[in-house]
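Protein chains: 8
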Amino acid sequence: MHPDKIRAVLEGVRDGRSSVEQALGALRDLPYEDLGFARVDHHRALRQGHAEVVLGQWKTGEQIAGIVRSIAERSQNVLVTRVDVDKARNVRAALGAAFEDLRYDESARTLTLERQAIEIRGRKPIAIVTAGTADLPVADEAAVTARMLGNEVIRVTDVGVAGIHRLFDARASFERAGVIIVVAGMEGALPSVIGGLVTLPVIAVPTSVGYGAQFQGLAPLLTMLNSCASGVLVVNIDNGFGAAFAATQINRRDT
Amino acid sequence: MHPDKIRAVLEGVRDGRSSVEQALGALRDLPYEDLGFARVDHHRALRQGHAEVVLGQWKTGEQIAGIVRSIAERSQNVLVTRVDVDKARNVRAALGAAFEDLRYDESARTLTLERQAIEIRGRKPIAIVTAGTADLPVADEAAVTARMLGNEVIRVTDVGVAGIHRLFDARASFERAGVIIVVAGMEGALPSVIGGLVTLPVIAVPTSVGYGAQFQGLAPLLTMLNSCASGVLVVNIDNGFGAAFAATQINRRDT
Amino acid sequence: MHPDKIRAVLEGVRDGRSSVEQALGALRDLPYEDLGFARVDHHRALRQGHAEVVLGQWKTGEQIAGIVRSIAERSQNVLVTRVDVDKARNVRAALGAAFEDLRYDESARTLTLERQAIEIRGRKPIAIVTAGTADLPVADEAAVTARMLGNEVIRVTDVGVAGIHRLFDARASFERAGVIIVVAGMEGALPSVIGGLVTLPVIAVPTSVGYGAQFQGLAPLLTMLNSCASGVLVVNIDNGFGAAFAATQINRRDT
Amino acid sequence: MHPDKIRAVLEGVRDGRSSVEQALGALRDLPYEDLGFARVDHHRALRQGHAEVVLGQWKTGEQIAGIVRSIAERSQNVLVTRVDVDKARNVRAALGAAFEDLRYDESARTLTLERQAIEIRGRKPIAIVTAGTADLPVADEAAVTARMLGNEVIRVTDVGVAGIHRLFDARASFERAGVIIVVAGMEGALPSVIGGLVTLPVIAVPTSVGYGAQFQGLAPLLTMLNSCASGVLVVNIDNGFGAAFAATQINRRDT
Amino acid sequence: MHPDKIRAVLEGVRDGRSSVEQALGALRDLPYEDLGFARVDHHRALRQGHAEVVLGQWKTGEQIAGIVRSIAERSQNVLVTRVDVDKARNVRAALGAAFEDLRYDESARTLTLERQAIEIRGRKPIAIVTAGTADLPVADEAAVTARMLGNEVIRVTDVGVAGIHRLFDARASFERAGVIIVVAGMEGALPSVIGGLVTLPVIAVPTSVGYGAQFQGLAPLLTMLNSCASGVLVVNIDNGFGAAFAATQINRRDT
Amino acid sequence: MHPDKIRAVLEGVRDGRSSVEQALGALRDLPYEDLGFARVDHHRALRQGHAEVVLGQWKTGEQIAGIVRSIAERSQNVLVTRVDVDKARNVRAALGAAFEDLRYDESARTLTLERQAIEIRGRKPIAIVTAGTADLPVADEAAVTARMLGNEVIRVTDVGVAGIHRLFDARASFERAGVIIVVAGMEGALPSVIGGLVTLPVIAVPTSVGYGAQFQGLAPLLTMLNSCASGVLVVNIDNGFGAAFAATQINRRDT
Amino acid sequence: MHPDKIRAVLEGVRDGRSSVEQALGALRDLPYEDLGFARVDHHRALRQGHAEVVLGQWKTGEQIAGIVRSIAERSQNVLVTRVDVDKARNVRAALGAAFEDLRYDESARTLTLERQAIEIRGRKPIAIVTAGTADLPVADEAAVTARMLGNEVIRVTDVGVAGIHRLFDARASFERAGVIIVVAGMEGALPSVIGGLVTLPVIAVPTSVGYGAQFQGLAPLLTMLNSCASGVLVVNIDNGFGAAFAATQINRRDT
Amino acid sequence: MHPDKIRAVLEGVRDGRSSVEQALGALRDLPYEDLGFARVDHHRALRQGHAEVVLGQWKTGEQIAGIVRSIAERSQNVLVTRVDVDKARNVRAALGAAFEDLRYDESARTLTLERQAIEIRGRKPIAIVTAGTADLPVADEAAVTARMLGNEVIRVTDVGVAGIHRLFDARASFERAGVIIVVAGMEGALPSVIGGLVTLPVIAVPTSVGYGAQFQGLAPLLTMLNSCASGVLVVNIDNGFGAAFAATQINRRDT
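Sequence lines, in order, name chains A, B, C, D, E, F, G and H.
Anchor point for the first sequence: position 3 equals 3 in the numbering used here, and the numbering is continuous, going up by one each time.
Anchor point for the second sequence: position 37 equals 37 in the numbering used here, and the numbering is continuous, going up by one each time.
Anchor point for the third sequence: position 17 equals 17 in the numbering used here, and the numbering is continuous, going up by one each time.
Anchor point for the fourth sequence: position 69 equals 69 in the numbering used here, and the numbering is continuous, going up by one each time.
Anchor point for the fifth sequence: position 20 equals 20 in the numbering used here, and the numbering is continuous, going up by one each time.
Anchor point for the sixth sequence: position 191 equals 191 in the numbering used here, and the numbering is continuous, going up by one each time.
Anchor point for the seventh sequence: position 133 equals 133 in the numbering used here, and the numbering is continuous, going up by one each time.
Anchor point for the eighth sequence: position 120 equals 120 in the numbering used here, and the numbering is continuous, going up by one each time.
Because the hints were derived from the structure by calculation, they are not lab data.
Remember, predicted model here, so these are calculated numbers, not experimental data.
We treat Cβ as the ideally placed atom computed from N, Cα and C, and that holds for glycine.
Among the clues, some could well be false.
No farther apart than 27 Å at their CA atoms in a straight line, the calculated lysine-lysine pairs in the DSSO-like style are these [stated by the list, open to error]:
1. G:Lys124 with E:Lys124
2. F:Lys87 with H:Lys124
3. D:Lys87 with G:Lys124
4. D:Lys124 with C:Lys124
5. A:Lys124 with B:Lys124
Looking from chain F toward chain A, a few residues come up when the C-beta cut is under 7 Å (computed) [stated by the list, open to error]:
6. Trp58
7. Gly61
8. Glu62
9. Asn236
10. Ile237
Work out the full structure, taking the sequences as your base and the hints as a guide.
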């Protein structure tokens with residue numbers, strides 16, 4: 001809990017403006033509210049000054065709609081991740097006409113609601129580099145997330161290590177970024193090569209794109225964890241959102 | 001290779017100041033030299049303006065001594081990682097009296113040579129948080145690395161999740177950092193808790209400390225990759241060096 | 001087999017009241033009966049004084065209906081676990097109007113029949129704590145089971161480690177329990193934190209909620225087995241029933 | 001942190017008896033002290049009223065000696081686990097004559113110091129059942145732990161499932177326990193059989209005893225997690241201490 | 001290839017009765033014929049004097065029908081394994097009225113054609129023991145196979161280790177067998193218990209019945225391989241056919 | 001990038017025929033063109049003088065159609081792999097009547113377009129040997145690939161190790177090849193046997209054909225990697241294409 | 001427990017010759033005796049009429065000596081398995097001159113004591129076939145075991161699949177056996193080939209001989225479980241004893 | 001067995017020059033001889049015209065010496081692989097002064113005896129490319145093997161993907177090879193990059209160099225199997241010998 005809030009509440013106690021019981025109640029009710037099935041934490045959004053993020057994967061369309069409505073009432077932006085086409089349709093149906101500005105990106109599997117203009121707060125753009133066409137959905141999730149959290153985004157696609165001259169052509173464009181997210185399936189060798197070329201922070205996202213001994217992303221995950229390029233940072237398989245969230249934290253002006 | 005160098009060389013060609021063959025030779029010989037068993041890349045150190053890093057694990061004491069001597073001749077600082085006690089002794093014996101300022105840290109398993117004062121180039125301190133006493137060697141490797149690469153370091157030790165009140169007491173000290181490195185063995189839950197408390201970038205280092213179903217670090221590795229705190233970044237098991245290297249890239253003033 | 005029964009039978013033999021063959025027959029036919037496809041063990045229910053439990057997962061609707069009918073004839077309560085919606089419909093269809101009081105809980109995937117009032121035999125309530133919304137089905141299975149086996153239940157939901165202040169708010173409510181069941185997917189760190197806060201027995205249930213390197217529950221399973229909080233007890237992935245069954249054994253007044 | 005302590009401190013603030021800064025300081029320094037390399041938590045021992053437990057595995061003999069001395073100064077009992085013969089010798093050497101009552105159990109790999117008589121606080125004995133001779137060290141660790149934490153212990157040894165008549169002979173002795181700890185290596189089938197015989201809580205400890213496809217304890221770990229006997233609870237491979245710690249929590253009179 | 005056949009052919013060559021080319025042709029065409037997609041080996045059936053066995057899993061209904069027809073033309077019995085309901089329907093449709101005696105067992109997933117009376121050639125019955133109801137399909141596959149290969153079969157069902165008194169009741173019936181096949185999912189402990197009770201050869205079949213850490217049969221597979229009962233023999237997960245085939249080889253009168 | 005091209009471009013710069021900017025532009029646009037979702041690399045086809053290869057698995061029918069059209073405009077042949085029936089239909093629909101010569105092989109899951117006669121450039125035929133009927137799709141993919149890349153193909157089917165006399169009969173036919181591709185599922189022992197019989201390069205392809213402990217191809221993959229026949233080379237599970245591609249490189253006249 | 005014994009005891013009770021308590025005592029003390037650290041089961045040896053078997057791996061030399069002495073007092077033969085050189089020396093030292101006929105086989109790692117002539121009770125010889133020289137220790141363990149349990153043994157060595165002509169030469173010698181034990185490391189393909197050649201029961205023993213992706217025997221274990229030769233039976237990695245024990249059960253005249 | 005030999009023998013039979021028995025004897029005794037512990041196959045060396053290869057890993061120094069002597073008597077060259085320093089010393093001691101020309105390479109762990117000049121029979125050199133210094137022993141094993149089997153060798157060292165400009169500098173030297181062996185530990189990305197640069201056959205050798213999630217070579221093994229560069233061929237972890245053996249087969253003039 002935020003120390004300033006506690007301080008304020010305690011000063012109220014000290015100054016006799018409130019009893020201990022009142023203070024306790026105030027603290028408890030403040031930064032989230034109970035929707036019955038999940039406690040939505042507005043606190044987080046406040047800290048970040050940007051879109052509230054909702055993980056859509058194990059929620060029903062009705063649950064997502066309820067959360068979106070609750071957030072929108074406070075005029076905040078919303079990002080819902082891991083929403084498949086059918087669930088997106090259900091969310092729309094449940095929200096109705098007042099939410100026609102809710103946008104669905106089928107590749108990124110995201111729902112976004114922009115009720116405020118997004119203020120760019122990142123120091124530099126975030127570059128998102130993709131090894132193969134099949135990795136685009138994960139890269140798209142990262143791109144939508146990075147944008148909703150207040151970053152410019154540079155996209156570089158289809159520059160796998162097996163045709164490494166393409167990578168060198170594209171290099172100029174990603175070297176002006178503040179962080180690089182590298183999305184790669186199959187054997188996931190791209191972050192090692194990029195990590196050896198640049199001095200920027202590199203976040204590697206293994207994807208489940210592959211077959212056989214790729215083991216649903218295990219192969220590139222191990223590759224990235226063992227990268228001979230020092231300092232490659234790794235997130236979970238197919239976790240484009242997590243990579244963009246971390247990149248935002250790295251890229252913030254005030255850190 | 002650095003575009004400016006290529007540009008300079010090509011302008012020489014364009015202006016007739018040098019032939020193609022000369023330019024090629026210049027480029028080839030520049031940033032590294034052949035020691036027979038390994039090409040030492042001075043290039044990297046130049047880019048980073050700090051210590052040259054050598055991975056000591058699979059090199060003999062003689063090989064390490066040779067590399068250290070080669071770097072020291074250019075008056076650069078040196079950091080050698082993953083050196084056990086016996087190998088450190090061999091390195092010293094091979095280098096002799098001229099290298100009495102070579103320092104060995106038995107816990108961190110590092111050899112360091114500071115021939116230049118280390119210039120602090122990081123924006124803020126790097127916090128290194130440890131869950132248990134047994135994780136200290138990995139945290140020490142991270143701390144030595146962070147310092148040699150030009151960062152202030154904040155240490156917080158023994159604040160595991162099973163005694164979570166300790167963590168809250170220590171919180172103030174790590175919240176003024178620019179990046180947090182969290183080192184944890186056993187089940188490795190600490191980065192999730194810290195990742196939920198702060199908005200700074202969090203780099204998680206799983207350690208092989210544990211037994212049985214800890215599987216030499218697999219358990220905390222999986223824990224960290226699946227963290228419910230968004231944006232936790234993961235490096236290889238016991239890779240304190242890699243965490244500090246990445247933290248340095250994140251923390252640099254000029255990015 | 002129960003020693004008292006054997007004793008009684010043997011005394012019959014000793015006293016000449018029955019031949020060895022008769023005694024053997026009596027012993028054999030007593031505590032279960034053959035339904036052709038499975039021997040229903042009424043014995044167990046007798047020992048526990050509560051609902052007879054049936055694992056529904058690999059049985060057809062027809063088989064489940066047959067077993068339910070057989071148990072109900074002895075006026076016992078029934079709990080059937082791991083029944084999906086379609087199978088529940090088949091069971092109902094097969095049982096007909098005489099079983100309209102058969103209740104189906106879609107989240108918990110349980111069928112329950114209460115033909116006797118459930119007598120509370122647990123010393124204290126059983127607390128069931130859930131990390132995320134997606135873990136509710138497993139927690140619901142645990143809750144239905146705990147109730148059917150004669151326990152009061154306290155529910156605490158959505159208190160994951162990434163928002164740990166929520167957990168502290170909820171702490172008072174679960175500290176009055178006799179046992180705590182902690183249900184957690186993703187990285188499954190919650191039992192470690194709770195295990196460090198309380199001195200009650202903690203039963204941890206990993207769930208398959210997650211993706212990528214969560215490996216269908218392997219990640220939280222390993223986390224829980226390696227918990228740095230001493231004494232965390234673990235059951236199989238998604239096994240809400242097993243956790244509640246064990247909690248009932250721990251919580252019984254007479255042990 | 002304990003609510004009563006906070007309450008007392010806050011009432012001091014409310015009543016003007018202390019400033020916020022003083023209260024904060026008091027809270028911070030209370031329940032542990034800094035030994036430099038590890039924060040010893042006396043808090044825990046106070047809550048449990050019994051021996052303070054120290055995990056010896058990754059500590060040096062000197063570190064263990066320091067912690068033992070610190071605890072003994074408060075006249076508390078001490079249990080140090082996972083100490084091999086050489087380390088035990090180092091601890092003794094470092095502690096000297098004042099600690100001649102420090103006892104080392106080579107099979108259990110424990111050091112124990114009893115400066116207070118152990119008060120039996122468990123409701124019933126804890127039974128510790130072993131499948132094979134090779135599993136005795138883990139069972140011994142459990143037995144020493146159970147005793148040091150205030151329990152009577154019943155030992156039953158060498159009753160593996162391949163000679164199941166032995167198990168039935170021994171049954172009477174373990175049925176009067178309050179909890180049963182079953183230690184088993186190889187395929188680890190014993191907890192399933194015992195779990196089907198009794199209605200007591202069963203804690204299963206897989207051991208690394210076996211070879212080939214036993215995979216250092218993975219085989220019995222999986223066996224126990226999948227037990228067809230409902231309610232078998234599992235701890236980490238070779239974790240005799242954890243089993244006894246959990247059994248103590250289950251067995252306490254006041255829960 | 002059979003040495004006698006080669007001898008005969010070679011004597012033909014020696015005696016001038018046939019050229020090398022003729023002999024070669026004769027050898028090639030003898031014991032199988034080319035159906036285009038698979039070489040059916042009548043040879044095997046001849047050696048075994050019983051049903052020809054066809055693995056149906058990766059063949060189309062049309063392919064199976066072709067093979068069945070080819071075998072039936074030689075008046076041999078046929079056993080096709082791993083045929084699901086839809087494929088069975090296709091086979092029937094393709095074979096038409098002349099094959100109305102083709103029998104499909106939905107649980108065992110077998111097609112059988114008995115054009116000759118099955119001669120019992122086994123020394124004793126083969127006992128097939130099942131731990132749980134869900135394991136019946138694999139046991140049924142074993143039973144159908146054992147019968148088609150010329151064995152009497154004893155079935156014992158639902159005698160899992162968690163209700164071990166049932167097993168002892170059933171013991172008399174399986175002790176008169178020549179071999180025991182034990183089929184068990186979940187943790188697969190049953191073969192260990194039976195292996196300790198009898199001195200007959202025991203073949204253990206792990207099944208994929210279970211969830212979570214059962215890992216599709218890995219848990220009982222490891223259990224059975226590590227059985228503390230000496231001499232338990234193991235086949236692949238769900239391989240009821242293989243167990244019965246091996247049991248037949250063990251049980252043959254002439255070995 | 002090809003050194004000659006760079007040389008030519010640089011000579012232009014040296015001779016003043018072009019500015020640096022022009023040269024850079026020329027280099028960038030040369031060997032591929034941007035289709036928006038993927039950079040098609042005509043370069044590769046040029047190097048190989050044969051069909052351009054497209055991996056169809058994670059592309060939509062529309063994307064494949066676009067790539068095929070782009071390649072066909074340069075009168076090149078096309079091979080698209082890993083296309084299931086539905087996707088093949090979509091590709092056809094999108095391409096229309098001008099591509100009626102596009103051929104789909106349902107077993108191999110390939111689309112092929114032959115706009116030029118295929119010139120045989122391999123030194124000798126490539127033999128493709130299959131252990132079981134179920135492995136045919138992978139072998140077919142290898143065969144189509146080998147042919148499209150300019151090789152003659154010898155097919156040998158259904159010669160598994162369990163009926164090893166068939167293998168010896170077939171031996172003469174595959175010994176005249178230049179490379180042997182061995183496709184095997186189940187336990188994958190065939191490459192070891194063939195590797196011991198011949199002195200030709202052997203490429204082993206494990207397939208996912210099997211069940212239980214075959215683990216979707218892991219079993220034959222490990223078998224092949226550990227082959228006691230020296231020099232067996234392995235590709236990914238089910239990777240018929242990769243095997244044929246490598247075989248083509250080995251078999252080329254000019255290497 | 002043996003039904004006849006129970007019957008006798010119960011008849012005593014029925015006829016008034018003994019009280020229940022007496023009978024109980026008699027039953028309990030009969031077939032084993034307590035040595036303090038392990039209950040030696042003479043029962044087993046009686047059933048098998050041959051050597052008593054002791055697993056030496058996790059016992060000390062002193063423990064083994066105690067057990068050997070206890071068995072020898074009843075004039076039984078003894079087989080101790082998994083005894084390394086140092087432990088064997090300790091056993092000898094502890095037993096002294098009275099046990100000079102105790103024989104140690106360094107390759108098989110067995111101690112044997114023959115106080116009775118071994119009576120051959122097997123129907124036919126047991127063949128033990130080895131793929132490579134390095135597999136000999138496991139095969140030797142099997143051979144010693146088979147002999148001590150009353151079987152003739154045929155040895156065939158070094159007939160791996162990579163030189164398959166050797167196997168065919170040796171075939172005549174193993175076809176007269178009653179059971180074949182095939183010991184193979186590396187990829188473990190030999191049992192598949194032999195299983196396809198013979199109609200005898202085949203017991204496959206994977207060994208840990210290999211490196212890299214052999215994973216200490218996992219590779220041949222999976223190979224053997226997935227054998228395309230029907231009916232191959234598998235035991236644990238390096239378990240030569242278990243294979244010979246099972247072979248003895250198969251080979252016994254009276255089954 | 002070689003068809004020509006069989007043909008010759010059979011023609012002898014047909015022409016009456018020899019009886020069947022004589023021919024059989026001749027065939028049996030020809031290409032190997034029995035040394036008691038292993039059948040040395042001279043046949044193989046004859047086919048390859050080069051050094052006889054012996055796998056030293058699981059043989060004693062005495063056994064190796066025996067085999068070397070046996071081969072040397074036929075004036076053949078010998079290559080013994082996987083011999084550590086101590087064993088090499090034993091071999092030398094056993095062979096004595098007559099084998100002073102036996103050479104030991106400590107890095108490659110090979111013993112070589114050149115009694116004949118090695119005739120170069122490869123079409124082109126074999127290039128052996130190494131990613132890191134620590135991979136040199138495996139590369140050295142490959143180099144010694146390639147040379148002993150009649151190939152020229154090109155060595156390129158220390159060109160890992162993290163400093164990819166070094167690779168481009170070295171490219172000219174390996175493009176004139178006939179086959180490329182790429183040896184790489186850590187994440188093993190190098191074969192993917194090289195496979196994308198060249199059109200030569202690429203054999204990838206994963207090494208166990210790394211730590212943590214490298215899992216003794218599993219990480220680079222999976223990387224190489226999933227390479228996005230088509231046609232990369234893989235051998236077992238650390239199998240430098242196997243790579244060179246396969247490269248020799250590919251490189252032979254007569255294939």
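The hints, checked one at a time:
no.	hint	verdict
1	G:Lys124 with E:Lys124	holds, 19 Å
2	F:Lys87 with H:Lys124	violated, 44 Å
3	D:Lys87 with G:Lys124	violated, 56 Å
4	D:Lys124 with C:Lys124	holds, 19 Å
5	A:Lys124 with B:Lys124	holds, 19 Å
6	Trp58	holds, 3 Å
7	Gly61	violated, 14 Å
8	Glu62	violated, 12 Å
9	Asn236	holds, 4 Å
10	Ile237	holds, 3 Å
Hint violations for this structure: numbers 2, 3, 7, 8, all remaining hints satisfied.
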